[in-house]
Amino acid sequence: LVVDEDEYLPLNIDWVIKDGLLPAAESWERVEQDPGRYLIDPPTEPPMDAASIELGRKLYAGKDAQCVKCHGPEGRGDGEEKELYDDWNKPKKGVTPEQTEQLAKFFTLPIQRLRARDFREGIFRGGNRPVDLYYRVDAGIHGTPMPAAGPSGGTQGVLKPEEIWHVVHYIRSLAKH
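What the sequence shown shows, in the numbering used here, is residues 1 to 177, in sequence order.
No wet-lab data here; the hints were simulated from the structure.
Cβ coordinates follow ideal geometry from the N, Cα and C atoms, glycine included.
List time: in silico DSS-like cross-link candidates among lysine-lysine, alpha-carbon distance up to 27 Å:
#1 90 to 105
#2 92 to 69
#3 92 to 105
#4 82 to 176
#5 58 to 160
#6 63 to 160
#7 82 to 58
#8 82 to 92
#9 105 to 93
#10 69 to 93
#11 105 to 82
#12 69 to 176
#13 90 to 69
#14 69 to 82
#15 69 to 160
#16 58 to 69
#17 63 to 82
#18 176 to 58
#19 93 to 82
#20 63 to 90
Here are the in silico distance ranges between beta carbons for each label pair:
#21 115 to 32: 35 to 41 Å
#22 41 to 85: 29 to 35 Å
#23 30 to 101: 38 to 44 Å
#24 128 to 104: 34 to 40 Å
Can you build the whole structure from these sequences, using the hints too?
So, in structure tokens, the structure goes:
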């Protein structure tokens, strides 16, 4: 919680336990009860060779994963989808520009459009290791337009675990060295 200096914050221990600690403990309990549904266990990474990179490029551009929609065909972050907002900015977006302008009066911060990651920079959210990218492609990024592509969370997913590695290899191949 963030409060301004000298601002009264009506916290008590019951509230902290009920609304803070118990939900966190319950989520960990669900993981222990059904780890296959909540934990991502990537298969062994195949070699990052030309064949893997090419297969990853095809999957990346394919209709199932649709990575090009936001990240663009060459991973520059220049895809056709320009209206990208996270969960904190969606409430600020009206149907029309006029509605968005009216909604702005109710928020302290202005609406901020997201920009898809430019993979050529070689800087990735959540870490730069290959397995970190695997997790991002598999599970997506909650609260953002980045969808899950893998079979985690009890869903079938649009990519098989082995295919995710090929997409990771393609993404890594785009980074400037």
